[in-house]
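Please build the complete structure, drawing on both the sequences and the hints.
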Amino acid sequence: MYTKLFASLLVIGTFLLFSLKTTAAENPTKPFVVVLDAGHGGHDHGNKGNGYKESEISLNIVLKVGAELEKLPNVKVIYTRKTDVFIELRERAAIANRADADLFVSVHCNAHHSNAYGAETFVLGLHKSQANFEVAKKENEVIYLEDNYQEKYGGFDPNAPESLIGMVLMQEEYLDQSILLASLVQNNVINNLKRKDRSVKQAGFWVLHNTYMPSVLIETGFLTNKTEGAYLNSAKGQTEMAREIGNAIKSYISSLSISTEKIRDPQIEQIQVEKTIETTKEDIYENVTFKVQLAASGKKLDPKPQNFKGLNDVTREKEDGLFKYYYGETSDYNKIQVMKTFVQQKGYPSAYIVAFKKGRKVNLPEVLKSKAN
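FYI, in mature numbering (1 follows the signal peptide of the UniProt record, and there is no 0) the residues of the sequence shown are -24 to -1, 1 to 349.
Read the hints as simulated data drawn from the structure, not as lab findings.
Honestly, I wouldn't trust all of these hints.
As the list claims (entries may be wrong) - List of simulated lysine to any residue pairs, SDA-like, C-alpha gap at most 20 Å:
| # | residue 1 | residue 2 |
| --- | --- | --- |
| 1 | Lys333 | Glu293 |
| 2 | Lys334 | Thr291 |
| 3 | Lys24 | Asn91 |
| 4 | Lys58 | Glu32 |
Model, not experiment: these values are computed from the prediction.
Now the structure itself:
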């Protein structure tokens, strides 16, 4: 059965790679369509850690995100649900596909038997660890609540790792864009809301697999954690989470527009950067290394200048199954800010600063705050 499933998906995936749709960024007359998906709903409450309802919290966050995006010109927002109703996973994906959407964002809350906490954002891919598979399995199991699920999902078994093998094929072409948005979401939520960073990850979610556009699934935090559950269940927590997710989507749309308008040619050159650094007052953070993150991708690229718009000093690290690409390395915060401006002008508008201590990534706002105190 799994061999047949894989073969079928391979044929469909190959077809899709040669028939990708035109995005709104490439066609200014087409509105940029964002589909917002509040996880669960109706008789499917999702997880109910500490008595909270995942379905209610995810819906509240999604409606707030949508309200902000609807203020943008040439952006159309579509919701898979706006009330407490049950929507099949298959239909959630179909809504996005029928709308010829440019982006699909699914919002959820996490649960665990431990006291785990933190935010993580998933893109579609083969699970890189048992933990990632367990998260995907939990979200996929909503299939069992649907009538005739065996026929609808073609033998897909949420409990079988083998069922995930072919899923990445349909989304392969959109993976980098999905990772870009996922990175923006994580950066905003972690740095601005000071949540624990559980990183960008890859896992096999059916709702992502069946959408033919860049897609992410956001686990905003753990309802089973007493403190984090209370935060996510509060109006303050939902408003803040929605704000950062919305801002990430805005940054993503902006980065596509900049790319399409071909403003990627540098406005400043390396020699100018070096001169600026020489005249900039130092702002040294002891035992801290700052870098500029350019991209995160499932593809392993040689960090040569020709692969990164002529940039030298690019390094590559593997984190959570993804390759992260960084530019620069310094303990001088003023210097790294100049470098960030440079790479943004070079064609990486969504580049951002990250901090490391003893080789481990640490929270940037906390690093900056520690010196201020």
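Hint-by-hint comparison with the structure:
Annotation: proposed proximity of Lys333 to Glu293 holds, straight-line Cα distance about 15 Å (limit 20 Å). A hinted pair counts as satisfied when its Cα atoms are at most 20 Å apart, and Lys334 with Thr291 qualifies at roughly 17 Å. Only pairs whose Cα atoms come within 20 Å are accepted, and Lys24 paired with Asn91 is accepted, the gap being roughly 15 Å. A C-alpha spacing of about 11 Å is found between Lys58 and Glu32, which places the hinted pair at or below 20 Å, so the restraint holds.
Going down the numbered hints, you'll see the structure goes against none, and every one checks out.
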